[in-house]
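Those sequence lines, one after another, are chains A, B and C.
Mapping of the first sequence onto the numbering used here: position 221 corresponds to residue 248, and the numbering continues sequentially without gaps.
Mapping of the second sequence onto the numbering used here: position 173 corresponds to residue 252, and the numbering continues sequentially without gaps.
Mapping of the third sequence onto the numbering used here: position 32 corresponds to residue 66, and the numbering continues sequentially without gaps.
Hints should not be assumed to be uniformly reliable.
[Stated by the list, open to error] Partial pick of chain A residues on the chain B-facing surface, computed with a CB cut under 7 Å:
(1) Tyr79
(2) Thr113
(3) His120
(4) Gly209
(5) Asp211
(6) Ile257
(7) Tyr287
(8) Val304
(9) Gln307
(10) Leu309
[What the hints assert, rightly or not] The following residues of chain A were derived to be distant from chain B, with all beta-carbon distances above 10 Å:
(11) Leu104
(12) Val110
(13) Lys146
(14) Gly283
(15) Tyr284
(16) Phe295
[Unchecked claim] Now the stretches of chain A that chain B is said to cover, found in silico as 3 or more residues with beta-carbon under 8 Å:
(17) 136 to 143
(18) 170 to 180
(19) 212 to 224
No lab work stands behind these hints: they were computed from the structure.
A virtual CB, placed ideally from N, CA and C, is assigned to each residue, including glycine.
Residue strings, one per chain:
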Amino acid sequence: MSDLLEQLVHGLTLGSLYAMVATGLALMFGVVRLINFAHGEFYMLGGYAFWYAYVELGLPYPVAGLAAVAAMAAFGLAYERAVIRTILARTWHVQLIATLATSITLTNLAIIVFGTQPKEVPTRLSAAILEVGGVRMVWQRVLVLVAAVAIFAALEWFVAHARLGKAMRAMSQNREACAVVGVDVQQVALATFGISAGLAAAAAALVSPLFSIFPDVGALLTLKAFAAVIVGGFGYVRGAIAAAFLIGIAESLAAGYLSYAYKDAIAFVVMVAVLLVRPQGLFGRRIGI
Amino acid sequence: MRATRWVLGSAALVAVPWIAAAVVPGQQRYVLHVLIFTALYGALALSYDLVVGHVGSLSLAHPAFFGLGAYTLALLATEARWPFALALPAGIALAAVVALAVGVPMFRLTEHSFAMGTLGFAIVTQVVATNWVDFTHGPLCVTGIPKPQVGALRIATLPAFYWMGLGALALVALLYRGLTTFRLGRAFHAVRDNETLAAAASIDPLRYRMLAFVIGGGVAGGIGALYVSYVGVLCPGELTVSLSVNLLVMVFLGGVGSLRGVLVGAAAFTALPEILRMAPTWRMVIYGLLLLVIVIRAPDGLEGLMRRASSRRRRPASSGA
Amino acid sequence: MALFETRGLTKRFLGVTAVDAVDLTVEAGELVSLIGPNGSGKTTLFNCVTGYLAPDEGRVTFQGRDVTGVAAHRIARLGIGRTFQLVSVFPRLSALENLLTFLQQHQEESLVGRLVRAPRVRRLEAAAVERARSLLDSVGLGGRAEAPAGTLSYGQRKLLAFAAALMPDPDLLLLDEPAAAVNPTMIEQMKAQIRTLHRQGKTVLLVEHNMDVVMDISQRVIVLDHGQKIAEGAPEVVRRDPKVVEAYFGR
């Protein structure tokens, strides 16, 4: 029984990671109708930024984490300006290939700069063990889940109450109307990218003490996050979060009880299974984030 | 006039091994090796362009079909001692059948979901190839794949492999031509350019997307089988997502939807690293940037540039449009 | 037996009933207009009967066959042609090729059959080209046959789409707002074309907002409002129907 609970805990950690990454992807799709194939690289670069701040510069954990988030948010803004703005008006083929090309470039640049050896980023919390009801876990996992929930709550508040957040929701529902009533569409798009990138970096700062960072980590992550977005109903953030947790738990259980080697295939299997039964996603066609 | 050019050109292509021996002695083996890869990649790129360029389905599953054909031949030839003449069609058939099976659920998805679904399938194939060690040997690779032998004909020397590659490329190019012209080509292009209108014109979009997907997948499987027959060894690293990126670069760099463009792209893509001689990682960075710039600035690729250049040359000669 | 008929056709979207139990009949050779204020469900109805949307309830019958929920390409094959509200052509193909694309499926053989019966295929193709050219001439696009459809003006593209829909000689033609977004000269041309079709005995059902056009050429008018059929009859009768007046001006 404790075995199962432990797998569930691991599943919640994975789910938190996938949910944070998938939220960024869902926001980008919801607000500007773009699939960013390079999103996993936001996580990867955020992880390296965090490693650099925490291990190389020796900054305290929270500071290093925030530094990584800030760095990636800035990167996200720059990326929107440099690449995304040009391809927003183009066909989805162009968008997909352009972001895929960016992904390849960033991944290989990371190999050149950081090498292929994974970077370990152990923190106090990733070593300290908590025991609850016969289940052993490291405190970092608790932090991941709590922080993820806090982030999602903050995001909910932001989209419901903050001016920029409300503009993002409005844009995701009806872009033309927004332009007509004077919403600065470009600014909202820019902000969405900054937020998405920041979210990915936050995920990295929280999760890399458990999983380490390496240049290829983004690729599978993009796929799984996208699977969550599809299953959750394209651009519907709450759906993506729920689907991400579903995938995380399924993957963890499969790794524990079926086969560790094939765990990476689980997200895809879940996605295809859902799509065959309900092509519009688990929660149906929703409009807006 | 054109016929003479065709005959001379074909003769020259066939005579390459001797030309190479004469012009670049000592380098002949290397040149032939590069040309064999170019021919195989060219054929693979054409099979991919059929799906992406002519019917407009952005599939990322191609590496999986290439790998399926490769593994089928590799395992049948080494474990079951099947002759090349049976193993090759088996590889093509398996790839085509899997394409059919995968296509049915995939084509229910739209656009992005389709791309991600096919990517997911490719990744799953790679994961299985890497981890099902009992069957595929996993990272230990399938070794000792025999050289092709059909009756008395044995393909073992570099020139022989070159002619095999050239023959395969010619066949695929002919097939490509046949599928993308006249009525069938029109149907494909109708689905690509305006699927809603195509349906109103009695054209079943699903049928044509599946046709291109299955044929493209089958050909990819055949090329995979030929590839491992040449290389002799097969590791799961051959069917990674990088191959999808390489194919996208070849097709978009050369000119999506154009026979000449795709072949030029494949040649440039295969020759470039040899000319540049750089580390594989830097090469991927360059490809990534190249792909990014090309898809944004020159979506017609080299073919588009060539066409614009030749039309500009022709315009001064003609008075009045 | 009516050529075309819907019974209780219903389509709902996210809680809104776009088409509400509509009964509609079109006899062979009729020229019927479907009108109604914006959002009354006309185009949705078109999409439901031409296979682009699956109806939630009801039946669609064509030439005695049940074609409810049949896929778009099969509906077209059965002899129902249509145009689209937002003019739709194949931009990269020439005007001529656009028309040829509409005919090929009706002559399509199996892949092998095509290769083996090459001379027959060539004859069919030649006949198709001739038919296409004459259709283009009849809509006044004969001189632009080789021009890529994307280079034509909006009005010319509308005429092209119209000609293309006629190419497979459909038994029923559904026109979605043929007079929309074009200048008065083009409108007159469209009216003339539709009248010619009617004289030739073709069955036409058109959706239209332009009241002049509707009143001028229709034999019969059907009025939708909020997805429901509220009136039906001769043009002069319908225009004076108080329910219709209220639907258009009452709010």
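Right, here's what the structure says about each hint:
Residue-level restraint check for Tyr79/A is violated (minimum Cβ-Cβ distance to chain B is 20 Å; threshold 7 Å). About 6 Å separates the beta-carbon of Thr113/A from the nearest beta-carbon of chain B, less than 7 Å, and the hint is met. Because the beta carbon of His120/A sits about 6 Å from the nearest beta carbon in chain B, less than 7 Å, this interface hint is met. Below 7 Å, beta-carbon pairs count as interface contacts, and Gly209/A has none with chain B, the closest being about 30 Å; its hint is therefore violated.
Given hint, Asp211/A at the interface with chain B, is violated; its Cβ is 24 Å from that chain's nearest Cβ, farther than 7 Å. Against a cut-off of 7 Å between C-beta atoms, the interface hint on Ile257/A holds, since the closest Cβ of chain B lies about 6 Å away. Among the interface hints, the one on Tyr287/A is violated; its C-beta lies about 9 Å from the nearest C-beta in chain B, farther than the 7 Å criterion. This hint is violated: Val304/A has a C-beta 11 Å from the nearest C-beta of chain B, more than the 7 Å allowed.
The closest approach between the C-beta of Gln307/A and any C-beta of chain B is roughly 10 Å, which is over the 7 Å cut-off, so the hint fails. The beta carbon of Leu309/A is not positioned within 7 Å of any beta carbon in chain B (closest approach about 14 Å), and the interface hint is therefore violated. Here Leu104/A stays apart from chain B, with its beta-carbon at least about 18 Å from theirs, past the 10 Å limit. Against the 10 Å criterion, Val110/A falls within the reach of chain B, whose nearest CB is about 7 Å from its own CB.
The beta carbon of Lys146/A is kept farther than 10 Å from every beta carbon of chain B, the shortest such distance being approximately 17 Å. Every beta carbon of chain B lies more than 10 Å from that of Gly283/A, the smallest distance being close to 16 Å; the non-interface claim holds. No Cβ of chain B approaches the Cβ of Tyr284/A within 10 Å, the least distance being about 16 Å, so the stated non-interface status holds. Not every beta carbon of chain B lies more than 10 Å from that of Phe295/A, the smallest distance being close to 4 Å; the non-interface claim is violated.
Figure legend: the segment 136 to 143 of chain A, annotated as covered by chain B; annotation consistent (3 residues with Cβ-Cβ distances under 8 Å, at least 3 required). Only when three residues or more bring their CB closer than 8 Å to a CB of chain B does the claim for the segment 170 to 180 of chain A stand; here the count is 0, and the claim is violated. Only when three residues or more bring their CB closer than 8 Å to a CB of chain B does the claim for the segment 212 to 224 of chain A stand; here the count is 0, and the claim is violated.
In this structure, the earlier hints numbered 1, 4, 5, 7, 8, 9, 10, 12, 16, 18, 19 are contradicted, and the remaining ones agree with it.
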